[in-house]
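Student: Given only the sequences and the hints, what does the whole structure look like? Please build it.
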Amino acid sequence: MATLILAWKSLLNRRYTVGLTVLAIALAVALLLGVERLRYEARSGFTATISGTDLIVGARSSPVQLLLYSVFRMGEATNNISWRSYRQIADHPRVQWTVPLSLGDSHRGYPVLATNQDYFKYYRYADARPLELSQGEPFSGVFEAVLGNEVARELSYELGREIVIAHGADDVAFVRHDDMPFTVRGILAPTRTAVDRTIHISLEGFEAIHLGWQAGVPLPGRQVSPDEARQRDLTPRQITAFLVGLDSRAASFQLQRYVNDYPREALTAILPGVALHQLWDLLGMAEQALLLVSWFVVGVGLLGMLSAQLSNLEARRREMAILRAVGAGPRYILLLICGEALMLALLGAVLGTALLYALLFFAGPLIEARFGLFIGIGGLRPTELTYLGIVLLAGLFSGLVPAVRAYRQAVVNGINMRL
Amino acid sequence: MPNATLDKPAIDCRDLRFRWYRRGPLVLDLPELRVERGEKIFIAGPSGSGKTTLLSLLTGVGVAETGRVSILGQDLAALSGSRRDRFRADHLGYIFQLFNLLPYLSLLENVLLPCRFSRRRRLNAGGSPGALAAEGRRLLAHLDLGDLKLRQQPVAELSVGQQQRVAAARALIGGPELVIADEPTSSLDMDRREAFVKLLFNECSRQQATLVMVSHDRSLEHLFDRSIQLGQINRVEPGIVRET
Ligand SMILES: Nc1ncnc2c1ncn2[C@@H]1O[C@H](COP(=O)(O)OP(=O)(O)O)[C@@H](O)[C@H]1O
Ligand SMILES: [Mg+2]
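Residue numbers (my numbering), protein chains in the order written: chain F, 1 to 419; chain C, 1001 to 1244.
What the hints contain is simulated information worked out from the structure, not anything from laboratory work. Bear in mind the structure is a predicted one, so any value in this text is a computation, not a measurement. The reader is advised that the hints may include incorrect statements.
Said to hold, decoys possible - Calculated lysine to aspartate or glutamate pairs in the EDC-like style (CA-CA distance at most 20 Å, straight line):
no., chain 1, residue 1, chain 2, residue 2
1, F, 9, C, 1109
2, C, 1040, C, 1157
3, F, 121, F, 314
4, C, 1040, C, 1177
5, F, 9, C, 1157
6, C, 1040, C, 1012
Tutor: Laid out in C-alpha cells, this is it:
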C-alpha cells in the first residue's frame, strides 16, 4: 500500500511526461477496441441482413455481385430475369414461396425496391425476425410506397406524403418520374439492415412509371397519366431477382442446380449464407489488416512507455538512492518500476475505454447515418476484455525491462548517487 | 529478527576489503574500525578515497568481499539482503551531501519517510499518524525549521541549508541508534556548516545516537569527539586515490 502511494505521488510529480505516455496508450487502446467493435458489429450486422431465405436467384453473375445488389442494394444487376422464367421457377414443387425484386430507381439517394406483399410476409432478418410496420400498412394501390425506417427519419417523411421517384441511382432532375408520384402508405420499424434505407413500392407501380420509357429515357409523346396507367396491364415483364423459400433446407442444392442449369435463360442461384460468408471473407482481409495495425499501434504506445521509463531511470537515480538509504530493498525498486508500468498501462486502458465510449456516443449516430452501420454502446465483450488484459500484461512485461535495470542499479550503486 | 544489542560498539569492522569490480583495484582494506556507542566521530579523506564506499558497507547496501562488519552488535554478513534492508530501515539514519529529498513528497512526508519502511521507527515516533506528524514537527522545530509557512512549501524550493536540515530530521526520526552523514555540509556556505553540525550534535545527543560523519573538508574536525584519517587506516595502494 505504502509502495502504491509513493509510486502514485512519484507519477503525479512527472505528470506531463507520464500524461503523454498514458495518452499514447489510451489512444492506441481506443483504436484497438474501436476496430474490434467495428469488426464485430459489421460482421453481425452484415450476417443479420437476411435470414430464412434459402436461395436468391438473379441473372447470371458472380454470387457476391448478386448478393450485393439484391440484399445490400449496392451496385447494379447486369441483366434482368424474364417474368416467365420467374413464374416457372416459382411453380417448382419444392418452392414454398418467392419474393420478386426489381431494382434500379431511387429517391434522393435511397434505393427503390419494387416487390409485392409477399415481401412483408416472408422477408426475415437477424434471427428470423419478420418485418414490422411502425406506422401505416403495406402498399396496396399502384402508387403507394412503404418507407424503410431510416428513409422516413432522415427525410422527415410522414404517412400521406407524396414522393417522386428518380430514374436510376442518381437524382438527376430530367430523369424523374415526376408525373407519377407515390403516396407513403407505411413506415417500417427499424431493422438495422439495408431495409431501413429502402423505399418499397409495388411491381405494378414500378411498371407504370416506366411506361413510355425505353433504354432509360422517356420517349417523347409516349407519356401516360397515372389514370391511363392504371387501365393498362401492369404485369411486369422483367424483374431483377427473387428470393426463394423451399419446403426443406435440404432441397437448396437441388434447386440451385436446377436454376443454374435453367435452359431458357442464364441464371444464378446463390445460398445467401454461403455468399455472405464469401463476401465477408473478402472484406475480412481488410478487417484483419486493420486489427493487426491497431495491435502495432498498441505496441508503439507501450514501447513509448518503455523508452520513457528507461530514460527516466537516469534522472531518478537520486530517488532510488534515497529510497535505498531509508530501507528500500532492490526488490522494492523492481516492484516500484513494474508497478508504475502496470499503473500507466491500466490508466491508458481505462482512459482508452472511456475514449471509445465517448467516441461511440458521439460518432456512433454519425457512422450509422453515413454508413448504415449500427455500433452498440453495450458493455465490454469478452474479446474486448481479453484485449485489455493483453494490453495490461504487455505493459507489465515492458515494465520489467526498466525495472530489472533499476534493480541492478540499486544493487550496484546502492546509496552512491555519484554526484 | 535482526537485532541491535546495547552493550556492543556501534561499529566494529575487521579486515574489511572491498572492490567495485571483480578484478578491479581494492578500494578499501581496513584492518580495524571501531566506534563506541554515543560517539561522534569524523572520518576525513580526500575525494575518491572511498568514504562513500565505506559508508555503503556500514549501511549494509554494499557487501564486503572479506572481513566482518558488525553494526550495533549485528553482523551484517549474517543477514540476507532483505534483512539488511530492514536492519538499515530500523536502526540507521542517512544524510546525503545533496538532493536528500523526494520532490513529490511534502516536507513532513519526507521527514517521515523512514517510518513507511520501518515499523520500529514508526512506533518509536508515536505510531499513529497524528503522533508521527507531531514528532516530525518537534524534530523540525529543533532543527530550526519550525516555521509553518516553510512546511507548506514544495521541498524543491527550500534552500540547500534547509534541505540538509530536513534530511537530518529524516535521519533522526524514530530514534535510530546510528546516524551516518556523507559530506552533509559540503554544499553549505562556510558560515552555515558549523551551525548545521551543532544542530545535528544536539539532536543526536538528545537521542543518544552515534554519529559518523565523513568529509573531505577538515574545518569541522575539531568539533567531534574523535577524528579518523581514512588514509591512515586504509591500506590500499595510494595510486588509486584520485584527488579532485
Ligand atoms: N558505483 C560505483 N561503481 C564503480 N566504481 C565506483 C562506484 N562508486 C565509487 N566508485 C569508485 O570507488 C572509488 C571511491 O569512491 P567513493 O567511495 O565515492 O569516494 P569518496 O566518497 O571518498 O569521494 C573511486 O575510485 C570511485 O571511482
Ligand atoms: Mg563520496
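Student: Which earlier hints turn out false for this structure, listed by number in ascending order?
Tutor: Numbers 2 and 3 - these are the hints that the structure violates, sorted from lowest upward.
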